[in-house]
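Colleague: Based on the provided sequences and hints, a complete structural model is requested.
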Amino acid sequence: MKLSDFWDRMNETFGAAYARSVAADHSLGQLGGRTIDQALAEGENAKAVWMAVCRAWPERIPSRLVR
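The numbers in this note's numbering rise by one with no breaks, and the one at position 16 of the sequence shown is 16.
Keep in mind that the hints were calculated from the coordinates and are not lab data.
Fair warning: there could be bad hints in the mix.
[Said to hold, decoys possible] Derived DEER-like restraints, expressed as beta-carbon distance ranges:
no., residue 1, residue 2, range
1, THR35, MET1, 17 to 25 Å
2, ASP37, GLU12, 13 to 21 Å
3, MET1, ARG60, 16 to 24 Å
[To be verified] DMTMM-like, lysine to aspartate or glutamate: derived pairs with alpha carbons at most 20 Å apart:
no., residue 1, residue 2
4, LYS47, GLU59
5, LYS47, ASP5
6, LYS2, GLU12
7, LYS47, GLU12
8, LYS2, GLU42
9, LYS2, ASP37
10, LYS2, GLU44
We put the beta carbon where it would ideally sit given N, CA and C, even for glycine.
Modeller: Structure representation (C-alpha cells):
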C-alpha cells in the first residue's frame with residue numbers, strides 16, 4: 001500500500017483533521033505501543049499500520065476498506 005493510499009483511508013475513516021490527531025496521539029498495542037506516526041516514521045509498512053488501525057477501530061472502518 002502506498003503511503004498516500006494509507007492517508008486517503010485514514011481521512012475517509014476519521015476525517016482529515018481527526019485522522020492526523022489519531023495518528024499522532026494514540027498508541028496502538030498492535031504497533032508495539034507506538035503511535036501511527038511513529039510506526040510510519042520508523043519504516044513500518046503502511047499496509048501493516050492500516051491493518052493495526054482496522055483492528056483498533058473495527059466499528060469505524062468501512063468494510064470495503066478492510067483489506
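Colleague: For every hint, state whether the structure bears it out.
Modeller: Status of the hints after comparison with the structure:
no.: 1; hint: THR35 with MET1: 17 to 25 Å; result: 18 Å, holds
no.: 2; hint: ASP37 with GLU12: 13 to 21 Å; result: 18 Å, holds
no.: 3; hint: MET1 with ARG60: 16 to 24 Å; result: 18 Å, holds
no.: 4; hint: LYS47 with GLU59; result: 19 Å, holds
no.: 5; hint: LYS47 with ASP5; result: 9 Å, holds
no.: 6; hint: LYS2 with GLU12; result: 16 Å, holds
no.: 7; hint: LYS47 with GLU12; result: 16 Å, holds
no.: 8; hint: LYS2 with GLU42; result: 16 Å, holds
no.: 9; hint: LYS2 with ASP37; result: 15 Å, holds
no.: 10; hint: LYS2 with GLU44; result: 12 Å, holds
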